[in-house]
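Enquirer: Combine both chains into one complex, guided by the hints.
Line order of the protein sequences matches chains A and B.
Using this note's numbering, read the first sequence as starting at 6 and increasing by one per residue.
Using this note's numbering, read the second sequence as starting at 21 and increasing by one per residue.
Please keep in mind that the hints were generated in silico from the structure rather than gathered at the bench.
C-beta: ideal position from N, C-alpha, C; glycine also.
Heads up, some of the hints might be wrong.
So the derived label-pair ranges between C-beta atoms look like this [as the list claims (entries may be wrong)]:
hint	chain 1	residue 1	chain 2	residue 2	range
1	B	Phe22	A	Thr30	17 to 23 angstroms
2	A	Glu31	B	Val123	51 to 57 angstroms
3	A	Glu31	B	Phe22	16 to 22 angstroms
4	B	Gln186	A	Asn27	30 to 36 angstroms
Stretches of chain A that chain B covers, calculated by requiring three or more beta carbons in the stretch to come under 8 angstroms of a beta carbon on chain B [unchecked claim]:
hint	stretch
5	36-42
6	62-71
Not close to chain A: a few residues of chain B, all C-beta gaps over 10 angstroms, as computed [claimed, not checked]:
hint	residue
7	Arg63
8	Ala71
9	Arg76
10	Glu168
11	Met181
12	Met223
13	Val249
14	Glu259
15	Val283
16	Arg310
17	Ser393
Chain residues, written in single-letter form:
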Amino acid sequence: MANRENLLDRAGLGMPSHMQINGNTEAVVDGCGGVLEYDTDVVRVRVGRMIVRFSGRGLAIKCLTADSLVVTGFLTGIEFLL
Amino acid sequence: MFSLKITRWLMGYVRFSVLGGSPERFFNACARSGACLWEIASRRNSGACVAVGRYRRLRSCARRAGCRLRVRERHGLPFLLYRTRGHRGLFAGAAAFAAVLVVLSSRVWCIEVSGNSTLDTQAIRLALAQAGLSVGTSKSDVDTGRIEAKMMLLFPKIGWMNINTQGCIFEVSIREKADRPEIFPQDRPCDLKASATGQILSMRVYAGTPLVKEGDAVVEGQLLVSATVEDSFEGSRNEHAAAEIIAETTHPLEVRVPLRQTVRRPTGRSLERKSLELFGAHIPLTLSGRPRGDYERSGVLTDFRLFGTVLPLSLYREQWTEMRSVPLSLSRKQALGRAAGQLENYGRSLPEGTKILSVQTKDTEKDGTLVVSYTVRCEENIARESEMLIKS
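Same shape as in the complex, but just chain B (with noise of 0.2 angstroms):
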């Protein structure tokens, strides 16, 4: 029923009144005649629809029936177009349109980027850009496969990288590799060696020969453990030598911080920017330029949205920020906190299973600048492997 709806509507009808005579004698020489009519209405407000090709035909069988057609509405595509003959705009405004269209869906549209966790997304469209897949490029000039190429060789920590094409969306996925960690085959011979020099604590050996006992000091380098084991038979062989040698190390740590500084503090006086990003081209939205002077810049890029799949339209907001320097002067309570939090970095960075068990202060004021010196002693394991190198 639709589409007959969309038939009549395509091909233009008419309404029209019967006006005297007999409209039934009217209605049957019509129907004889070939027309077909439908919307009959009866009697009191007789009339019909009929094809606007039909409507002259039928003014024969209204005379012959005694009665006069009116037209009381016009309908469909026909006439919509003869209403708009005059507007020579309209069928210009069609015909760019058709063109527009066809241009656009040519090109890339927007990239979409996923799959990277590491990798900055911002990185990877500029090389896909400097590759030749960027906004606006013509789809057919895009090679994926030597693009994929060419951005694999590019970021090596990329494993598999694949591009989609989904009309002008190009989606880009990315798989990163994953860090292999470095182990030293269990089947290749190894000495352990001290990380770091210190008094043994506690020693707990899996595999080879220790070379040291608890209680002795060792300095950073030293064999601690031998890969080479003798036996009872006087023969030897080379094993993977394992042990956890927990001993209490001390790491001298020294921070400097000037007692005077000039430090950057924003004034309090910002300026926002605007722009559009359509098809890679920049629209400014502020009429403002860059500002003179000393100015900190941010930027967000917004990218549109329409159910979910990315429009070739974005919107960035830069901020700038007036900046001065401005001379600080830090007492020694001060400076001594911002040393505090730098040996707390610090105390972050010790490898995992590392425990602190004190630390010495010392601190002097050498021209201007507060120099802290921290002894930590520490309690760690400070065996590490080692490969032994073999002459076949």
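One chain only, chain A, in its complex shape (with noise of 0.2 angstroms):
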């Protein structure tokens, strides 16, 4: 449902989602299925069939919608797990 509204996927470009990383600090997720874990060191989110791990220290969700959601603090690892 979510990855149909995603305006991405609907404007054709294949894509399931879109993930934009501004530093080490803050990941735009755009086309998330959910929150699967959050925690200060943490973030697991579905992506599609995939599920992204966020690692690091004091990350919080700073805002979250129905498809999307920023997660911010002091990014040390990016996992996609498969």
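Expert: Shown next as structure tokens:
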């Protein structure tokens, strides 16, 4: 549902999600399917068929909507789990 | 970002805690239901902020996630208004404030007069008030064009005047006329006559026919240089006579100094009265009334300014000084000193370029008054232009 509403998907670009990382302090995830785990050192989110794991220090979800979220904090790693 | 904060504050929002269950599931459910959450805290102090209108709808999401919600903080205008619901005075005050703001913004707050150098500011303000521009007048009643015309008629010294409006401040800009010097046109014939009685010491004639010579004694009004010039063919023409005729003149001056006088001196007792002037209304700050007796009054009006703008508020300080009449006897020396002071003033009033050669003094005492007669010998230019009227 979230993916279908994704602007990128509707634009026909074939990409289910879009991620923008600003330095190591902010990550904007567009087209996310929900938050799986949320703590100050780990944030796991579902993005299409993948799970993206943000690790770091003082992590926080700045804003959360149906298909996007903004993770802020001191990011030390990003893992894509298939 | 700032506008977003302002919007959230205006709409109102709550900060809540999520207790028990799975906060992640709750956040996902909230997001899917269309609620926009921000400042989402993680597991240990799980919670978030949400718009006040959305909070009730989050309960079903919490139930599904097995969580409980607890409001921790309430922010924004709706809560502020809710807290003040019992204080009707606040609303009445706000309404009164709005009414006062509307009324005051339609009135003249202050009048600034600028550009006047010889004309008195207070006299101008008084005339403006009589013409219909005073503090407290409705702005719609002020006809600037009519007031300008009236002021120009009232003060002939005003060469140009303009009234500018800046909100509730009226700026009156004035340009004064420069006095035109009295000059006889050079193309019109004129004679030169003696401005004082005396003996001519030197003459420099630039134009015209001299009728006197050095060493001659002349009386006041005597023709010195004629405008009529005869040529070698016995023809004549009229010129604008010009000459510098230096003569020794004598000016008598009599100064009377009463030896017994009554002077007014302060007793040392004084009283200060203060009053505020707000929108033209006088508000006394001192409770004491006008003192009775022989008092002299002087006042100072101080305008209050804020960032260079005159406010409709001024402080008027009145100083009342008690005076008493004291008989004073002058010695002959003191009386002569006062007479000498008047002689000095007379010397300053003589025409420019006049040299005082000598002063003869003679004094007599008559009926308690010292009469000092001065004879001032001067060296001055006595040539005075006198227009020659020609009938055509």
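Enquirer: Does each hint hold? Answer for all of them.
Expert: Quick rundown of the hints versus the structure:
no., hint, result
1, B/Phe22 to A/Thr30: 17 to 23 angstroms, "holds (20 angstroms)"
2, A/Glu31 to B/Val123: 51 to 57 angstroms, "holds (52 angstroms)"
3, A/Glu31 to B/Phe22: 16 to 22 angstroms, "holds (19 angstroms)"
4, B/Gln186 to A/Asn27: 30 to 36 angstroms, "violated (48 angstroms)"
5, 36-42, "holds (count 4)"
6, 62-71, "holds (count 8)"
7, Arg63, "violated (5 angstroms)"
8, Ala71, "holds (13 angstroms)"
9, Arg76, "holds (19 angstroms)"
10, Glu168, "holds (62 angstroms)"
11, Met181, "holds (62 angstroms)"
12, Met223, "holds (99 angstroms)"
13, Val249, "holds (100 angstroms)"
14, Glu259, "holds (95 angstroms)"
15, Val283, "holds (87 angstroms)"
16, Arg310, "holds (72 angstroms)"
17, Ser393, "holds (102 angstroms)"
Checked against the numbered hints above, the structure breaks hints 4 and 7 and satisfies the rest.
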